[in-house]
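Protein chains: 4
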Amino acid sequence: MENLKALVLNCSLKKSDELSNTDALLKDFIKIFDSKHIKSEVIRVVDYNVAYGIADDMGDGDEWPKILEKVKQADILILASPVWLGEKSSVSKKVLERLNGSSSETNEKGQPIFYNKVAGAVVTGNEDGAKHAAGDLIFGLAQLGFAIPPNPIAYWVGEAGPGPSYIEAEGYKSEFTQSTIETASHNLVHLAKIFQEHPIPAEGNVSE
Amino acid sequence: MENLKALVLNCSLKKSDELSNTDALLKDFIKIFDSKHIKSEVIRVVDYNVAYGIADDMGDGDEWPKILEKVKQADILILASPVWLGEKSSVSKKVLERLNGSSSETNEKGQPIFYNKVAGAVVTGNEDGAKHAAGDLIFGLAQLGFAIPPNPIAYWVGEAGPGPSYIEAEGYKSEFTQSTIETASHNLVHLAKIFQEHPIPAEGNVSE
Amino acid sequence: MENLKALVLNCSLKKSDELSNTDALLKDFIKIFDSKHIKSEVIRVVDYNVAYGIADDMGDGDEWPKILEKVKQADILILASPVWLGEKSSVSKKVLERLNGSSSETNEKGQPIFYNKVAGAVVTGNEDGAKHAAGDLIFGLAQLGFAIPPNPIAYWVGEAGPGPSYIEAEGYKSEFTQSTIETASHNLVHLAKIFQEHPIPAEGNVSE
Amino acid sequence: MENLKALVLNCSLKKSDELSNTDALLKDFIKIFDSKHIKSEVIRVVDYNVAYGIADDMGDGDEWPKILEKVKQADILILASPVWLGEKSSVSKKVLERLNGSSSETNEKGQPIFYNKVAGAVVTGNEDGAKHAAGDLIFGLAQLGFAIPPNPIAYWVGEAGPGPSYIEAEGYKSEFTQSTIETASHNLVHLAKIFQEHPIPAEGNVSE
Numbered sequence: 001m002e003n004l005k006a007l008v009l010n011c012s013l014k015k016s017d018e019l020s021n022t023d024a025l026l027k028d029f030i031k032i033f034d035s036k037h038i039k040s041e042v043i044r045v046v047d048y049n050v051a052y053g054i055a056d057d058m059g060d061g062d063e064w065p066k067i068l069e070k071v072k073q074a075d076i077l078i079l080a081s082p083v084w085l086g087e088k089s090s091v092s093k094k095v096l097e098r099l100n101g102s103s104s105e106t107n108e109k110g111q112p113i114f115y116n117k118v119a120g121a122v123v124t125g126n127e128d129g130a131k132h133a134a135g136d137l138i139f140g141l142a143q144l145g146f147a148i149p150p151n152p153i154a155y156w157v158g159e160a161g162p163g164p165s166y167i168e169a170e171g172y173k174s175e176f177t178q179s180t181i182e183t184a185s186h187n188l189v190h191l192a193k194i195f196q197e198h199p200i201p202a203e204g205n206v207s208e
Numbered sequence: 001m002e003n004l005k006a007l008v009l010n011c012s013l014k015k016s017d018e019l020s021n022t023d024a025l026l027k028d029f030i031k032i033f034d035s036k037h038i039k040s041e042v043i044r045v046v047d048y049n050v051a052y053g054i055a056d057d058m059g060d061g062d063e064w065p066k067i068l069e070k071v072k073q074a075d076i077l078i079l080a081s082p083v084w085l086g087e088k089s090s091v092s093k094k095v096l097e098r099l100n101g102s103s104s105e106t107n108e109k110g111q112p113i114f115y116n117k118v119a120g121a122v123v124t125g126n127e128d129g130a131k132h133a134a135g136d137l138i139f140g141l142a143q144l145g146f147a148i149p150p151n152p153i154a155y156w157v158g159e160a161g162p163g164p165s166y167i168e169a170e171g172y173k174s175e176f177t178q179s180t181i182e183t184a185s186h187n188l189v190h191l192a193k194i195f196q197e198h199p200i201p202a203e204g205n206v207s208e
Numbered sequence: 001m002e003n004l005k006a007l008v009l010n011c012s013l014k015k016s017d018e019l020s021n022t023d024a025l026l027k028d029f030i031k032i033f034d035s036k037h038i039k040s041e042v043i044r045v046v047d048y049n050v051a052y053g054i055a056d057d058m059g060d061g062d063e064w065p066k067i068l069e070k071v072k073q074a075d076i077l078i079l080a081s082p083v084w085l086g087e088k089s090s091v092s093k094k095v096l097e098r099l100n101g102s103s104s105e106t107n108e109k110g111q112p113i114f115y116n117k118v119a120g121a122v123v124t125g126n127e128d129g130a131k132h133a134a135g136d137l138i139f140g141l142a143q144l145g146f147a148i149p150p151n152p153i154a155y156w157v158g159e160a161g162p163g164p165s166y167i168e169a170e171g172y173k174s175e176f177t178q179s180t181i182e183t184a185s186h187n188l189v190h191l192a193k194i195f196q197e198h199p200i201p202a203e204g205n206v207s208e
Numbered sequence: 001m002e003n004l005k006a007l008v009l010n011c012s013l014k015k016s017d018e019l020s021n022t023d024a025l026l027k028d029f030i031k032i033f034d035s036k037h038i039k040s041e042v043i044r045v046v047d048y049n050v051a052y053g054i055a056d057d058m059g060d061g062d063e064w065p066k067i068l069e070k071v072k073q074a075d076i077l078i079l080a081s082p083v084w085l086g087e088k089s090s091v092s093k094k095v096l097e098r099l100n101g102s103s104s105e106t107n108e109k110g111q112p113i114f115y116n117k118v119a120g121a122v123v124t125g126n127e128d129g130a131k132h133a134a135g136d137l138i139f140g141l142a143q144l145g146f147a148i149p150p151n152p153i154a155y156w157v158g159e160a161g162p163g164p165s166y167i168e169a170e171g172y173k174s175e176f177t178q179s180t181i182e183t184a185s186h187n188l189v190h191l192a193k194i195f196q197e198h199p200i201p202a203e204g205n206v207s208e
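Residue numbers (my numbering), protein chains in the order written: chain A, 1 to 208; chain B, 1 to 208; chain C, 1 to 208; chain D, 1 to 208.
You can take every hint at face value.
Given that identical chains are not distinguished, each listed pair holds provided it fits within a single copy or across any two copies.
The calculated SDA-like cross-link candidates involving lysine to any residue, where the alpha carbons are at most 25 Å apart (straight line), are:
1) Lys72 <-> Gly101
2) Lys14 <-> Asn49
3) Lys39 <-> Lys70
4) Lys39 <-> Pro199
5) Lys70 <-> Ile32
6) Lys15 <-> Ala51
7) Lys193 <-> Asn107
In short, the hints are calculated from the structure, not lab data.
Chain A extracted, bound-state conformation (with noise of 0.2 Å):
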């Protein structure tokens, strides 16, 4: 059995050379996957010149192919956005648009490229608007071709109001987002594994 692969995307507004909230989070998150073998790589999305548009090569020194690439190697996927007014990143909605400019290709069996690929995400906030901004994630994923497994998803957010977010708040302290990590990181491995012996038939879901 050939080894898997995760790609964690991790749409924060700030360069790598800025701390993350939502990278500490990843952190625990990745540690599960090194304890089960699974190779893993944490891109900051906004280091790369991602075009906007809806194509798989915008040209004019558009680094999404480079990522793009990554992707396609990849047996899972994650995209990690911190939460604003409520909702997920503009990042990560560009990087869904970017997803939707190569939904048409297909692999060798004639299907979507990203079946047999599973999905999840990871959200921080401050406060309030982990599901909102995961929800939108996960079906975005899941229309684009991805399998979604059982609670997909990792989220740390404080009280409502303005306060200290996921690294000053210490909110890996936070049993309970301790087991979404736990759950959502072993259920994308399980569903990865099952797709890799046993991927989903070319029925049904190939274009003609």
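Using the hints, position chains B, C and D against chain A.
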């Protein structure tokens, strides 16, 4: 100047013989209405036999017409909802559906009957989901013809995960929640008072 | 291999003595299940006296337990909803709330009882709102423990504005809608069959 | 009475050297503003180098301050967005994030700077998603301090599935879409005029 009336529809899943966390937050809201001499009434919607459907009266013992009559008399409407699965309650969606049943009814100027009424939302939950719930309510009300003042919502939710709700968590001690109550209640009254003397003209918004 | 069972909960606001546009679309869905020897049952939820609340049985003539029993027997669950005000129906939200009441119940391995079941959504409306409705349903189901196959929804809506619904508009003639029916029904069956022989292992997802 | 100004931020993914369907709908919107002597300006946001982040000026060539200055001068703000994957564009979310960066700035009375401005939304897509997109925009704007008139949105989308967009589909022939343009534009002007003479009093909404 006639006295203004506010109607609050508490869309809790629990009848009024059970304690509602949303009601607890509403009490502070109403206090501000009282201080400004706004007559207010809070109704627990599930105390009434409200039918499913899109019509002002579904017959067969449907008690929605009693509530609708109060909405028609009100200058200010507040939809209050608990959070379940990160979203507004099914009861609050039913209220929007029933209000929709009167959306083609017009006032004496030919505008939809909810014109020149103002609306807001109040949400409580033990965790995450207040803005998602409030946003759906606010937008539904705006589509139906209500006007929305700035900062039209008051809410409290706790940290991610299962935990105590508003009353037990002493959410009323949250300065942030108190500030949302203060601002939303004042702005609802301000806009209702402005409309009382300066209603939206019947131009461009009149059915033919 | 045991035969698979599919349960469709039609969350129309209308009882089954009235024509449901959503039912019309569901007929084509079921045809594909029939062709694949999947036993299926369509239930109009409002035919039952389903109480408000978050518990598996609210007592007092609550008929949810009858529906819940069917959900427990099913391998595939489809929530079907009309669109009102651009959103899923209040009935469909009530179904999510009631399913939530069983989310801490576990199977013999200690996983939530909806594990190893797959879920999808079907939506019809005269205009705009299908994806918003479907997205909320899909994400609610994923949170509760259902697995979601790729392209898990089938839908039809007409052009913006009031207009005929599915039956009158002959939505069944839409090639696009037929392709969503084809893909969603096949993928639900594919994933259910995979789980039948290769269920999600009880590791990382077991309550203690 | 000073002349009113309207600013429209077209959040298309395409720069202004490409045809935007949303722009086509906006033209009819602007005609009504013209007829009421409202000065208006339409900006294609992606023509500007708008940085990611939550601050009024992110530095490093960030051109958001130019747009923000226009927002500050405007009495009416319209966010216009195409639909992608059933949701508003990533560009429109970025605009909300950047506006959020000024939400603690206050006017001379101590109210948030967006008070006494009114806001609406315009959406076009080839299919399904207009209300979901518009609802998120409207609620975001209300949270930031804009007031929302009744029926604050104008939109067009076609029947479910791929198909022509506004221009090619001759969406301008839709009586419904024209009526949403008529109503939204008039109500935005009505409310802006009311606020010009009767602004929201600085009571209960002033930062200390």
